[in-house]
Amino acid sequence: MLEVRDLHAYYGKSHILQGVDLRIGEGEIVSLLGRNGVGRSTTCKAIMGLVPPQGSITFKGRAISGLRADQIAHAGIGYVPEDRQVFPTLTVRQNLELGLKRSATFGRWTFDDMFRLFPNLGERRDNPAGVLSGGEQQMLTMCRTLMGDPDLVIIDEPTEGLAPKLVEQVARLLDEIANRGVAILLVEQKLTIALKISRRLYVMGHGHIVFEGTPAELSANAAVRKEWLEV
Amino acid sequence: MEVFLVSLLNGLVYGMLLFMLSSGLTLIFSMMGVLNFAHASAYMLGAYFAFTISLYVGFWPALILAPLLCGLIGAAIEMYGLRRVHKNGHIAELLFTFGLALIIEKCVQMTWGLVAVPYRVPAGLDFPLFSVYGTNFHAYRAFMLLISALMFVSIWLALTRTRVGLIIQASLTHPEMVGALGHNVPRVFTLVFAGGTALAGLAGVIGGNYQVTEPSMAFAMGPIVFVVVVFGGLGSLTGCFIASLLMGLIQTFAIVLDYSLADLLKQLGITITSSTPFAEVLSVPLPRIGALLPYILLVLILLVKPRGLMGTRDT
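Chains as they are written, first to last, in the UniProt record's numbering: chain L, 1 to 231; chain F, 1 to 315.
Once the Cα atoms are required to be at most 30 Å apart in a straight line, the calculated DSSO-like pairs of lysine-lysine come out as:
| no. | chain 1 | residue 1 | chain 2 | residue 2 |
| --- | --- | --- | --- | --- |
| 1 | L | K165 | L | K190 |
| 2 | L | K226 | L | K165 |
| 3 | F | K87 | L | K101 |
| 4 | F | K87 | L | K13 |
| 5 | L | K101 | L | K60 |
| 6 | L | K226 | L | K196 |
For the chain L half of the interface with chain F, some residues (derived, Cβ under 10 Å), not all of them:
| no. | residue |
| --- | --- |
| 7 | A69 |
| 8 | H74 |
| 9 | G148 |
Since the hints were made in silico from the structure, they are not lab data.
Just so you know, these numbers come straight off a predicted model, no measurement behind them.
Glycine included, each C-beta is placed from N, C-alpha and C at the ideal position.
Construct the complete structure from the given sequences, taking the supplied hints into account.
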């Protein structure tokens with residue numbers, strides 16, 4: 001469904017992505033792992049059109065490289081940034097509402113779905129999102145992106161800085177997303193949920209992919225884990 | 001007391017006029033990071049358009065048509081000018097809007113002449129509404145207050161109750177995220193730019209005949225509008241509102257309060273003579289430094305709160 005070939009990206013003069021290749025099938029859960037600063041987030045942003053990409057990106061057979069972020073979103077890709085970016089002055093419900101690409105047009109997800117999955121958000125639906133806890137904000141950003149009914153959702157470090165109990169909640173939401181036939185590109189630093197839920201994993205190092213395989217293959221490959229993942 | 005009441009009302013009128021001008025600028029500045037030097041030019045154009053339109057069809061149609069015209073010009077500037085210049089960074093944008101302000105001034109001079117045009121308060125509103133101990137409060141000022149209040153309520157409703165308003169609010173803090181959610185941010189920018197220019201135009205329509213409609217009015221109004229925007233804080237319409245009223249009231253009261261620091265010190269039992277250090281500075285009466293006060297306040301607030309009164313982000 002998503003096919004990235006020889007993707008390059010720059011921040012000013014520094015060459016961040018140096019030829020990234022990856023693909024994601026329909027409804028597939030794929031993880032992109034790696035240490036901080038190897039270009040995982042830049043990969044997400046380049047796919048989403050938030051950083052100018054060079055190279056080929058096709059989604060559902062259509063070239064999306066060079067389109068604006070909103071056009072890529074309308075093509076069916078959702079993006080959950082690592083820094084959450086809730087709209088702090090808007091209420092929880094208004095945040096979700098802005099996830100809808102057209103007013104009152106629902107796809108796989110409704111407000112009630114979200115409030116059932118996360119009762120906390122339901123209770124605070126009329127509170128400004130800025131007063132939510134970090135964990136709640138994380139859930140809200142994910143839900144907000146899902147409201148737009150993407151067919152592929154790119155989620156950047158959803159478990160970063162969350163307590164173990166909240167990490168479980170994130171994992172449950174990822175299951176729910178997969179159950180509804182939505183493909184996931186999960187970006188993580190730690191292996192915790194990635195190994196459990198992914199069908200395939202990519203490991204990134206210094207601007208390109210250094211490993212591709214199944215969770216079992218990665219578990220068996222101590223050399224890759226030691227060189228590119230363990231801190 | 002009567003001086004206080006009338007000055008309060010006049011200060012409110014001027015403050016609301018400032019808000020009408022600066023609300024658009026603050027939205028544009030916060031969303032796009034563009035310090036639009038040509039913003040006050042839209043204020044001037046509004047006044048001149050209203051002058052010409054009212055020659056033919058009267059003041060009331062001009063009240064609607066002139067801001068619309070300014071809005072259209074704003075949309076064109078954003079779509080065909082700023083959007084292209086934007087790629088080359090902030091300096092290019094700054095120079096672009098600065099050049100635009102100069103061009104508009106020259107165009108106005110060529111079209112309407114170098115001296116002020118006789119843009120007058122409409123006859124229907126040209127009478128004293130009430131008078132307190134001999135000080136008149138003019139009906140037109142009440143009308144200005146009414147228009148500003150209506151504008152304030154409509155902006156507030158549009159920003160908080162409509163979907164586009166929510167998108168604008170969200171774009172104030174996280175424009176990238178709004179785009180990634182599938183909203184056409186460039187189109188929202190055009191809309192906000194057009195809306196902001198139209199508001200500045202409206203301020204020109206009702207302010208041009210209250211003050212003087214002349215080619216230098218844009219450059220006279222520009223600095224104080226920037227003070228309001230920066231003082232209020234980027235990204236905050238509430239801050240902008242408070243700053244507008246504050247500056248309006250300060251400037252109005254400064255004119256009527258004929259005191260100096262020396263008078264204040266006298267109350268505290270310290271007498272200033274010509275031999276006291278800084279005697280000249282201390283005995284300058286308030287009305288003479290009234291125009292300076294907003295800038296002094298700006299410097300003070302930036303020392304204490306670098307983001308301005310209620311700013312949510314850095315410049």
